[in-house]
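S.K.: So the protein sequences, as listed, match chains A and B.
Just so you know, the working numbering puts 25 at position 25 of the first sequence, and the rest follows in order with no gaps.
Every position in the second sequence, counted from 1, becomes a number in the working numbering once 99 is added.
Wrong hints could be hidden among the right ones.
As the list claims (entries may be wrong) - Rough simulated footprint, nothing fancy, chain B against chain A, three-plus residues with beta-carbon under 8 Å:
1. 18-30
2. 42-49
3. 73-81
Hints are computed from structural coordinates only; laboratory data are not their basis.
Quick reminder that beta carbons are idealized off the backbone N, C-alpha and C, glycines included.
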Amino acid sequence: MSIAWYLALSALIFGLGAAGVLVRRNPIVILLCLELMLNAANLALIGFSRMWGNGDGQIFALIVVVVAACEVTVGLGIIVAMHRRRLPVDVDEMRELSG
Amino acid sequence: MSTLVFFIAAIGALTGAIGVIALKNPYYSVLALVGHMISLAALFLLLRAEFLAAAQVIIYAGAVIVLYVFVVSYVGESAPTVGQNPGRMAALGAFACGAALVVELFIAVLGSGLQAISHDGAPYVAGFGTPAQIGTLLLTRFLAPFEIASYLLLVAAIGAVTLARRRRGLETGIEGRPPTLELADLLGLRPQGTGTMHEAGGAVEVVEP
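Chain A with its partners taken away, still in its complex shape (with noise of 0.2 Å):
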């Protein structure tokens, strides 16, 4: 297989993940769309690392996985503590931050 493919297959898979960032209210889920976009980089960098034969993409693409999973945590506790404040946990109820 051509690495044209897995780049292909990469950018359908983020735009999947956008479509679905600006479409769902529910925080968890955006968070979940947000993964996707993280994962079609990562795709995309492990891609070029084969493509060049250099293992310099794969340690991005790992650095990549650890902020993922840092804004994970930092999100769903943002989300547990919208949720214990009775606040209602819906993206566009929660217009405050946005000036």
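For chain A, the structure is supplied; the task is to place chain B on it using the hints.
M.R.: The following block gives chain B in isolation, referenced to the frame of chain A:
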């Protein structure tokens, strides 16, 4: 053979991605994400990234998904859906944005004129993508990013505990105002005895302000 595996895994990954954004119940979305992650791990194996495939399954399909499931069972079902659903136009607009992004990426990648993307990649060298190679790279050339990533994880863990900590006495809002999440909550300005392990064990009498 690798073509067949690629298409099966690609269809799995796309189905999982569509499932994440289309299913109404957050539990099912999380489950769809597991399928997506496992398909992606198969693709990583095809790209000779053995260590990352294993890490993907263990970290994502294992640890991160467990976190999601806990939070969904704590929050998800009770999430009130106030207001009306986003209209058809909004959904169509979102998918149009996604489609535009995909087209743009296709043009960027295929129009880049890179010769190498239409080949199978560099010749395979034994040991590429194994834990040994990744470990050597992490501890030699990429030592600084490796250490910074560990600090980032530490900061994220402490931040999540601070954010999600139990704070009794602050849940109903102050003097009739609707409850909000404020900076003071994060800085520890809270009633005496709340937000401690002692309180979680039920050992502290909370003094109502």
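S.K.: Next step is simple, just say for each hint if it's right about the structure.
M.R.: Right, here's what the structure says about each hint:
Restraint check on the segment 18-30 of chain A versus chain B: 10 residues with Cβ-Cβ distances below 8 Å, three needed, restraint holds. Three residues within the 8 Å Cβ limit are the bar, and the segment 42-49 of chain A against chain B gives 5, so the coverage statement holds. Here the segment 73-81 of chain A counts 8 residues with a CB under 8 Å from a CB of chain B, which clears the bar of 3, and the coverage holds.
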